[in-house]
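Asker: Residue numbers (our numbering), protein chains in the order written: chain A, 410 to 462; chain B, 1405 to 1626; chain C, 17 to 271.
Do not take every clue at face value.
Unchecked claim - So the derived list for chain C, only partly shown, Cβ under 7 Å to chain A, looks like this: (1) L35; (2) L39; (3) P41; (4) D65; (5) L124; (6) L126; (7) T136; (8) R243.
To be verified - Some chain C residues well away from chain B (every beta-carbon gap over 10 Å; in silico): (9) W83; (10) R105; (11) A162; (12) A176; (13) D258.
Quick caveat, the hints were computed from the structure, so don't treat them as lab data.
Quick caveat: nothing in here was measured; it's all calculated off a predicted structure.
Ideal placement from N, C-alpha and C gives every residue a C-beta, glycine not left out.
Spelled out from the first residue to the last, the chains are:
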Amino acid sequence: MNWNSAADFFAMGGYGTYVWGAYAVTLACMAVEPVLVAMRHRRARREIGGAPR
Amino acid sequence: MSGTFAVLVARDLRLAARRRVDVVLPIAFFTVAVSLFPLGVGPEPQTLRQIAPGVVWVAALLAAMLSVTQLYAADHADGSLEQMLLVPGARISIALSKAMSHWLLTGLPLVVAAPVFGLLFDMSAPAIASLVAGLVLGTPVLSLLGGLGAALTLGLRSGAVLLILIIVPLCIPAIIFGAGAVTAVESGLSARGHYSLLGALLIFTAVLAPIATGAALRIATE
Amino acid sequence: MSTTLRFFRFASPAAFYPLAGKLVPWFGAVAAILAAIGLYLGMLRAPTDATQGDAYRIIFIHVPAAWMSMLLYVVMAFWAAIGWAFNARLASIVARAIAPTGAMFTFLALWTGALWGKPTWGAWWVWDARLTSELILLFLYAGYIALVSAIDDTRRADRAGALLAVVGSVNVPIIYFSVIWWNTLHQGASVSVTTAPKMASVMLLAMLLMTLAFWAYAFAVIFVRTRAIALERDNHAAWANDSVARAPVRQGASS
């Protein structure tokens, strides 16, 4: 393990804002995109035959 | 093939002569756009000399893109484009002739006007010469790529803005080499490498763009 | 011969739809597992870099995102071209499904690149060759998406998009070369803002695992989007009705 404590891990040697800012946005995008796609699929299934069921 | 080409170019030039205002518009835009930069950046000659090549090239690119839809739009609207496309093997001739017409109407005037703008930006004589040389090689590339964009976006509502979005990334190498040539000359270096790259780019584009444009015309009209 | 024909069966949206549906959860699981291992190695086990400190750990998402953005563009162009050349609708649908995910990875590459550059070089954005090329790639994706969205006729949009994507792919090496040229010209020496630190093997392994994780994620998302687009296009087709009747829409569930 590279870290001595959880506090050290979150601090990332002083670069915490940058590292976690990068990871947070990445995680957010890769969580939101599947949701949006699933919603699109669900809507497509509902509208089979041309009208919403 | 060359007969068709000459006929089409002559036709486009004749039509343009009847709508002289439309021909002048790209040059007017170019003039206004280039003149805005000193107003925004400040009149310091050193700064202006530095930004001049970039400003002229970007303005040339935008002026070219704004006028390229016109060349196809009129023919598409009245159906004559589809008629022309019926002739076997015509697609590439049409693409080449439209690019040539566009260059004669927009690119060539830009090349002629460039020295004037060079003086506005207090560029040295070798720098102006380099700017003109780069534009001579680069503006045909812009016309060829613009024609591809016009064919892809034929008849679409979003028209010119969409065209700029899809074609401008492809024009970036021409801007880099063209503006870079001037910067090199101003630093006392040789711009030979830049001209070679521009020349290679021109040949590459002249060979491939008309084929792609022809395919785009087929896609747009079938 | 017969296996080839059986494989081509999946070239129809109707056959692809259930297959994709079965595969999506597996891709998702693979993505999650690989990411977990990769992040464990990269964030918890990899040593701190001597020059860049712990800021370098952004590399474990920046590089995979950049690679995916570039790979997906080429794959998108490939399937779009197949769809155009062979009039294969599913291939065109897949190409359209790839574009948003590719654009997302490009944005992430730029975002993480900026956050990596700021502590390392002091500026949020630097016009180095790689970041500038990523930015241009984002424009290429935007252009493709804008073009296919602007054309109402589906097949015309597919073909025009394919042509644009192929033209873009051909131009990418030229654009990249010109950007490197431009960068060296204006900086004297070729300086890459975000140079990776000398890589210990655990760092390399973590990066590789994260790349594979992103790849599996991309498969999952793109397959779901493909299913959605296939249903949208074949709204009135019998296969669509059958597939939906077999598995009716449950509240809150869909993959």
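Asker: If you test the structure against every hint from before, which numbers come out violated?
Answerer: 1, 2, 3, 4, 6, 7, 11 and 12
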